[in-house]
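Hey, can you work out the whole structure from these sequences and the hints?
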Amino acid sequence: MSGRDAIMNRIRNVLNATDAEDDPRRVAASARIDFPPRGVIPARGQLGLDGRIKLFKKMAETAAATVEKVSGPGEVPKRLAAYLRKHNLGAKLRMGSDKRLRSMPWAEERALQVAIGPSDGSDEVTVSHALAGIAETGTLALASGRDNPTTLNLLPEHHIVVVNAKDITGDMETMLDMLRERFGKGVMPRTLNVITGPSRSADIEQTLLLGAHGPRALHIVIVGGK
Amino acid sequence: MQITSPTFKANAHEALHDAQLQRALGNVRSGFIHKRAKAVGALPEFEELRDNAKAIKDHVLEHLDIYLETYEKKVEDAGGKVHWAETAAEARGIILDICRMNNARTVTKGKSMLTEEIELNDFLEASGIQPVETDLGEYIIQLRGEHPSHIIAPAVHLNKDQVEQDFRRVHTEFAQDRDLTEPEQLLSEARQVLRQKYFDADVGITGANFLVAETGTSIIVTNEGNGDLTQTLPRVHIVVASIEKVVPTLDDAAQILRVLARSATGQEASVYTTLSTGPRRDNDPDGPEEYHVILLDNGRSAMLGTEFQDALRCIRCGACINHCPVYHAVGGHAYGWVYPGPIGAVVTPSLVGVDKAGHLPNASTFCGRCESVCPMRIPLPKMMRHWREKEFERGLNPAVARYGLKFWLWFAKRPRLYRLATYLAMPVMGLFGGHKRRFRFLPFAGGWVRYRDLPAPEGRTFMQQWRDRQTINQDARG
Ligand code: SF4
Chain A
129 MSGRDAIMNR IRNVLNATDA EDDPRRVAAS ARIDFPPRGV IPARGQLGLD GRIKLFKKMA
189 ETAAATVEKV SGPGEVPKRL AAYLRKHNLG AKLRMGSDKR LRSMPWAEER ALQVAIGPSD
249 GSDEVTVSHA LAGIAETGTL ALASGRDNPT TLNLLPEHHI VVVNAKDITG DMETMLDMLR
309 ERFGKGVMPR TLNVITGPSR SADIEQTLLL GAHGPRALHI VIVGGK
Chain B
243 MQITSPTFKA NAHEALHDAQ LQRALGNVRS GFIHKRAKAV GALPEFEELR DNAKAIKDHV
303 LEHLDIYLET YEKKVEDAGG KVHWAETAAE ARGIILDICR MNNARTVTKG KSMLTEEIEL
363 NDFLEASGIQ PVETDLGEYI IQLRGEHPSH IIAPAVHLNK DQVEQDFRRV HTEFAQDRDL
423 TEPEQLLSEA RQVLRQKYFD ADVGITGANF LVAETGTSII VTNEGNGDLT QTLPRVHIVV
483 ASIEKVVPTL DDAAQILRVL ARSATGQEAS VYTTLSTGPR RDNDPDGPEE YHVILLDNGR
543 SAMLGTEFQD ALRCIRCGAC INHCPVYHAV GGHAYGWVYP GPIGAVVTPS LVGVDKAGHL
603 PNASTFCGRC ESVCPMRIPL PKMMRHWREK EFERGLNPAV ARYGLKFWLW FAKRPRLYRL
663 ATYLAMPVMG LFGGHKRRFR FLPFAGGWVR YRDLPAPEGR TFMQQWRDRQ TINQDARG
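As you go down the protein sequences, you meet chains A and B in turn. Read in order, the letters of the first sequence are residues 129 to 354 in our numbering. Read in order, the letters of the second sequence are residues 243 to 720 in our numbering.
Mixed in with the good hints, there may be bad ones.
Simulated DEER-style distance windows between Cβ atoms [stated by the list, open to error]:
| # | chain 1 | residue 1 | chain 2 | residue 2 | range |
| --- | --- | --- | --- | --- | --- |
| 1 | A | K313 | B | T423 | 30 to 38 Å |
| 2 | B | R523 | A | A171 | 31 to 39 Å |
| 3 | A | K313 | B | N525 | 34 to 42 Å |
| 4 | B | E318 | A | S225 | 35 to 43 Å |
| 5 | A | S225 | B | I245 | 48 to 56 Å |
| 6 | B | E388 | A | K182 | 43 to 51 Å |
| 7 | A | L177 | B | R265 | 46 to 54 Å |
Derived by calculation from the structure, the hints in this document are not laboratory data. For glycine and all other residues, C-beta sits at the position ideal for the given N, C-alpha and C.
Next comes the structure, spelled out in structure tokens:
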């Protein structure tokens with residue numbers, strides 16, 4: 129008997145499982161998967177768009193991210209060039225092939241070099257576009273793929289994430305709905321990084337330090353909204 | 243690892259006299275409790291979320307076979323492979339096969355208590371494969387040849403000067419006279435050393451906080467980003483998870499994540515929650531080319547349907563440990579196996595046998611703090627009592643305790659005799675207590691009086707006083 133059968137038989141014996149299609153347990157389980165119950169949604173994030181943007185900013189800052197707002201995508205290159213100067217970083221960025229990022233007027237920042245593709249670990253600063261933001265906890269959701277390679281989220285010193293104001297949800301569950309809509313029900317990108325603030329560790333004497341293995345700094349640019 | 247739970251008493255004694263350890267344990271007492279309370283206070287729905295988290299896991303355990311099947315199918319749909327392992331040895335064998343097939347020489351690891359449970363590191367090393375722990379705490383204790391002393395803060399028993407010594411000993415590539423006095427410097431050195439290891443590794447092994455049946459997704463939660471790099475950079479990603487980690491939907495995972503982060507570290511959300519589904523897709527520029535999941539039983543299915551089933555709801559948040567006065571006093575290593583604290587006292591006897599771990603459920607003050615903070619509402623004290631009963635039934639506790647209890651039981655079942663005996667014994671004991679009215683020695687209770695005196699009884703018995711009080715109350719009412 130294979131390990132699988134042995135484990136399954138033990139479980140099925142305890143649970144009095146049957147193979148019948150209409151076994152109420154089977155029916156209950158597939159109903160739950162087809163129509164995921166909503167659960168308890170904290171009231172905190174259930175706000176209008178402006179409220180969500182404000183809460184998102186506050187919570188992200190509490191988690192040690194920095195946040196700025198711009199009125200449109202056209203402003204992003206200029207603001208990022210300023211971010212690099214302010215932090216004494218080289219005028220170099222890396223990003224994926226996300227159209228929303230690529231169509232920004234990078235050429236206007238003459239000194240800025242923009243590289244495209246996944247990171248090999250040598251990039252100081254990378255830029256990604258988030259699928260969504262979550263106001264409740266100041267969290268970003270980033271889907272893997274050519275548009276926004278996962279390595280860009282984890283390897284740089286400074287990670288810059290652009291998020292559209294209208295994609296800032298009140299709670300994680302609403303973000304999951306966006307995901308289902310985008311990729312299809314039951315289908316996921318290879319990796320979904322759900323990120324709240326820059327990397328940290330408290331493993332040495334419980335002292336909290338930023339920049340463990342992931343980025344030391346997380347900078348968020350909210351596009352649109354008030 | 244060698245199980246030292248049978249010598250818990252000696253381990254605890256040693257721990258209590260270890261000044262360095264006692265200093266480090268102060269960090270647990272001061273930090274975790276306060277942070278959790280603050281985060282819980284900031285979320286009015288916390289108790290309701292706990293109820294729902296419990297309900298979700300109870301539902302999972304009642305439908306475990308179905309959700310495992312669904313999960314398996316979804317992983318395969320996404321191009322991943324599921325392997326089932328009944329025992330630790332089987333799981334190790336499967337992992338080794340995958341490593342060999344990929345000619346792996348080094349393996350990076352995300353933090354995983356389950357791989358501690360199956361003693362994966364020693365096994366891989368003996369098989370010629372170098373495992374590298376990447377969580378900072380795990381990395382430090384790996385350098386020291388130790389085991390984690392806490393499930394979420396593995397190096398909580400160490401102070402920074404000890405870490406400095408280890409780094410100087412092992413990281414010989416750096417200048418000997420470099421400054422390593424600050425935790426920042428230690429962290430940045432570890433970051434530098436480990437960064438290269440991620441790229442060098444052929445295989446990345448992580449645990450899983452959740453397996454999602456809806457999508458075939460494994461979820462890990464970290465603050466450092468280490469487990470996340472581990473499952474992104476190497477060519478092969480292996481997930482090792484025990485069967486009870488499955489949840490029906492992404493929404494269910496989102497519910498439990500809310501109580502997990504707050505209960506564990508007092509964070510609103512952990513920094514990285516990473517959801518992985520299968521290997522890299524056709525158009526993906528990064529991510530692993532192979533994705534394997536090892537579903538391990540190792541004693542879990544045998545807990546199903548027993549009085550210990552509720553412990554399968556555990557999400558390994560560590561809150562019960564952080565709030566345990568016994569853990570605060572002796573730390574994690576004294577418990578002698580992988581899982582310390584209240585959850586360790588409950589699952590260790592299940593997983594390694596009550597004959598070896600019988601001391602653990604006895605090392606409790608029954609203060610109930612563990613249950614009061616457990617996000618999954620696991621009745622930990624009740625389960626420890628179950629173990630004590632089993633230990634008694636199987637005649638595993640010492641003769642003095644057994645006969646003492648039997649004698650007391652015989653007495654307690656005869657209330658008249660009991661009252662008469664206490665009535666007679668009181669003045670006699672009072673007499674023996676001497677002028678200080680205290681006992682410094684007691685037969686059969688040497689351990690107890692070693693650190694404190696037992697006050698000699700004064701005046702009358704409880705029952706006498708109770709009767710008087712009843713009379714007074716009646717008079718007052720009358
Ligand atoms: S028993 Fe409860 S408190 Fe303890 S680790 Fe498990 S879930 Fe957390």
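Evaluation of the provided hints:
no.	hint	in the structure
1	A:K313 x B:T423: 30 to 38 Å	violated, 54 Å
2	B:R523 x A:A171: 31 to 39 Å	holds, 38 Å
3	A:K313 x B:N525: 34 to 42 Å	violated, 21 Å
4	B:E318 x A:S225: 35 to 43 Å	violated, 30 Å
5	A:S225 x B:I245: 48 to 56 Å	holds, 53 Å
6	B:E388 x A:K182: 43 to 51 Å	holds, 46 Å
7	A:L177 x B:R265: 46 to 54 Å	holds, 50 Å
Hints 1, 3, 4 from the earlier list are contradicted by this structure; the remaining hints agree with it.
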